[in-house]
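For the record, the sequence lines run as chains A and B. Quick note on full-length UniProt numbering: the first sequence kicks off at 1 and runs consecutively. Quick note on full-length UniProt numbering: the second sequence kicks off at 1 and runs consecutively.
If you are wondering where the hints come from, they were derived from the structure by calculation, not from laboratory data. Fair warning: this is a prediction, and the values are worked out from it, not measured in the lab. Heads up, some of the hints might be wrong.
[What the hints assert, rightly or not] Listed below are the simulated DSS-like cross-link pairs for lysine-lysine, each with C-alpha atoms no more than 30 Å apart in a straight line: (1) B/K329 / A/K40; (2) A/K133 / B/K329; (3) B/K285 / B/K311; (4) A/K147 / B/K134; (5) B/K306 / A/K111; (6) A/K139 / B/K311; (7) A/K147 / A/K133; (8) A/K139 / B/K285; (9) B/K285 / A/K111.
[Stated by the list, open to error] Derived list of chain B stretches under chain A, where covered just means 3 residues or more per stretch with a C-beta under 8 Å from a C-beta of chain A: (10) 51 to 58; (11) 137 to 150; (12) 219 to 233; (13) 346 to 358.
We treat Cβ as the ideally placed atom computed from N, Cα and C, and that holds for glycine.
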Amino acid sequence: MDDSDGEEVAGQAHRRAEWSDVTPLPQNDGPSPVVPIAYKDDFTETMDLFRAVFHAQERSPRALSLTSHAISLNPGNYTVWQFRRVILEALNVDLLGELDFTQSVSNGNSKNYQLWHHRRWVAEKLGASSTSKELEFTKKILSLDAKHYHAWSHRQWVLQSLGGWEDELNYCDDLL
Amino acid sequence: MDSETDPLDSSPSPPPPPSPAFFERDRHVMFLQMMYQLLPYQYQTQEINRLTLAYFVISGLHLLQSLHSIDKDAVADWVLSFQARPRVKGEINNGQFYGFHGSRTSQFPPDDNGILVHNGSHLASTYCALAILKIIGYDFANIDSESILTSMRNLQQPDGRFIGTFDCMDSSVHCTPDPCHGLLNDLSAAICSMLESWSGMDREKAKEYISNCQSYDGGFGLTPGSESHGGATYCAVASLRLMGFVEDDLLSKNESSSIINVQLLLDWSLQRQAADGGFQGRPNKDSDTCYAFWIGAVLRILGGDKFIEDKSLRGFLLTCQSEFGGFSKFPGQLPDLYHSYYGYTAFSLLDEPGLNPLCAELGIAIATAGI
Numbered sequence: 001m002d003d004s005d006g007e008e009v010a011g012q013a014h015r016r017a018e019w020s021d022v023t024p025l026p027q028n029d030g031p032s033p034v035v036p037i038a039y040k041d042d043f044t045e046t047m048d049l050f051r052a053v054f055h056a057q058e059r060s061p062r063a064l065s066l067t068s069h070a071i072s073l074n075p076g077n078y079t080v081w082q083f084r085r086v087i088l089e090a091l092n093v094d095l096l097g098e099l100d101f102t103q104s105v106s107n108g109n110s111k112n113y114q115l116w117h118h119r120r121w122v123a124e125k126l127g128a129s130s131t132s133k134e135l136e137f138t139k140k141i142l143s144l145d146a147k148h149y150h151a152w153s154h155r156q157w158v159l160q161s162l163g164g165w166e167d168e169l170n171y172c173d174d175l176l
Numbered sequence: 001m002d003s004e005t006d007p008l009d010s011s012p013s014p015p016p017p018p019s020p021a022f023f024e025r026d027r028h029v030m031f032l033q034m035m036y037q038l039l040p041y042q043y044q045t046q047e048i049n050r051l052t053l054a055y056f057v058i059s060g061l062h063l064l065q066s067l068h069s070i071d072k073d074a075v076a077d078w079v080l081s082f083q084a085r086p087r088v089k090g091e092i093n094n095g096q097f098y099g100f101h102g103s104r105t106s107q108f109p110p111d112d113n114g115i116l117v118h119n120g121s122h123l124a125s126t127y128c129a130l131a132i133l134k135i136i137g138y139d140f141a142n143i144d145s146e147s148i149l150t151s152m153r154n155l156q157q158p159d160g161r162f163i164g165t166f167d168c169m170d171s172s173v174h175c176t177p178d179p180c181h182g183l184l185n186d187l188s189a190a191i192c193s194m195l196e197s198w199s200g201m202d203r204e205k206a207k208e209y210i211s212n213c214q215s216y217d218g219g220f221g222l223t224p225g226s227e228s229h230g231g232a233t234y235c236a237v238a239s240l241r242l243m244g245f246v247e248d249d250l251l252s253k254n255e256s257s258s259i260i261n262v263q264l265l266l267d268w269s270l271q272r273q274a275a276d277g278g279f280q281g282r283p284n285k286d287s288d289t290c291y292a293f294w295i296g297a298v299l300r301i302l303g304g305d306k307f308i309e310d311k312s313l314r315g316f317l318l319t320c321q322s323e324f325g326g327f328s329k330f331p332g333q334l335p336d337l338y339h340s341y342y343g344y345t346a347f348s349l350l351d352e353p354g355l356n357p358l359c360a361e362l363g364i365a366i367a368t369a370g371i
């Protein structure tokens, strides 16, 4: 067992302990499911827990942490992302930290609509104070992948919604 | 000169194994049948779109004329179990969208009063659900089309674009999880087309939004002002065709369009066929299997597919054909369902024997399912 397997097992054990008061809600696939997926245990456990937490609408720090883990397993799951936003608002969390969270998700795979939509939501909430961070973030991604569609869309949105045009021509000159 | 780093001194990599010279239909059928039975755990990350995965498998088998192997009644029951239903008829005007969920992950049971408090149904999964039902020959008279069509209008924005879903319990939390409006406009047009009613959308507004998405180079972006992209271009052209704003086979009839710049579009699309024979999604990107469909279908709709270099396209696609069945994104990689499906549609456009002919604007086979 290598380090990451050990971490995974430890994480699973921690989650089971943390959520021992909640009855997980299993997935009801019906009698003849089509294209069943060979889910791994961690995935099944996490999503069964998420279903229960979502159904109960628990908006707590541990629920927030659960959405982080669910997103790591399934970054395209818009239901989880949406519930995360509900929790962030309910707990009035400092959204600067949320920029770091989206950064870490993007390190895994940055070509994900839900991720960019979430980033846009955070930036919109933070307003003009996030402008330079967003321009820096997209600049970094574009330096690794000059044709990153989501990054360009986000950058265009930032400029149009939050401003920051002053250096844009210079940036284009640098790229050209 | 340091020979360890000098590329001229490094020994050449071994040549890739020779690609099969033909489309291996039987292997593809087996691949799809295996996927139908069980998807490997790696598909966990696409769990939210399980209905789309089912669509790739079932429509794929249909294209390969091998639908006999599936249990159509079981499929119909499973697909219909994803439909979001209002408790009473009057509720369809409550602002929600009553379509189909993409998986159990976004689907929650109604509360104790039978109210669907959380409704995560989505335009994309609605398209997949209806396409699957059409393919297996399900009687659409048994589908609650009215709820779908009436509530769909809630997803269309004032500027004509569609959002995919509401998926929120707190109406003060504005949510639009999908910025890919170009795709969503196409899905809504396809849904109306399959349900044979345009009451689900304002076609004029949608047309206006789409025409604003054509870029200076002739291709279409996902939103106005964004870069031309193969997938977005398909969605734009297919929606306009479905909504009746673009004539079939414009180029052969030597006609033009008042809505789109056809000549520039044709140029842009043909330039996407690269030196290796494959199609790229944008300039300076590698050729990718799926664009043989996204761009190939645009050219088919316009009547410009005669300008495609078929032989070299086939050659490229066959380097993406897997020995396990299915197609990969790039040559020599492992296959995945998405690229496999679009590989099959591309071969159908190339008139490969043993494949059903394709309806380019819907992306599924014509006629056999009564379309």
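Now the hints, each set against the structure:
Between B/K329 and A/K40 the CA atoms are separated by roughly 25 Å; this keeps the pair inside 30 Å, and the hint holds. Taking the CA atoms of A/K133 and B/K329, the gap is near 34 Å; set against the 30 Å cutoff, the hint is violated. A threshold of 30 Å between alpha carbons decides the hint, and for B/K285 with B/K311 the separation of about 21 Å falls inside it, so the pair holds. Under the criterion of a C-alpha separation no larger than 30 Å, the hint pairing A/K147 with B/K134 is inconsistent with the structure, at around 38 Å.
A hinted pair counts as satisfied when its Cα atoms are at most 30 Å apart, and B/K306 with A/K111 does not qualify at roughly 34 Å. Under the criterion of a C-alpha separation no larger than 30 Å, the hint pairing A/K139 with B/K311 is inconsistent with the structure, at around 40 Å. Of the pairs offered as hints, the one joining A/K147 and A/K133 holds, with about 20 Å between alpha carbons and a cut-off of 30 Å not exceeded. For the hint pairing A/K139 with B/K285, the CA-to-CA distance comes to about 20 Å; that is within 30 Å, so the pair holds.
Annotation: proposed proximity of B/K285 to A/K111 holds, straight-line Cα distance about 15 Å (limit 30 Å). For the region 51 to 58 of chain B, the proposed coverage by chain A is satisfied: 4 residues have a C-beta within less than 8 Å of a C-beta in that chain, meeting the threshold of three. Counting residues of the region 137 to 150 of chain B whose CB falls under 8 Å from any CB of chain A gives 0; the rule of at least 3 is not met. Under the rule that three or more residues need a Cβ within less than 8 Å of chain A, the assignment of the region 219 to 233 of chain B holds, with 6 such residues.
Only residues whose beta carbon comes within less than 8 Å of a beta carbon in chain A count, and the region 346 to 358 of chain B has 0; fewer than three means the coverage is violated.
Hints 2, 4, 5, 6, 11, 13, counting from the list given before, are not met by this structure.
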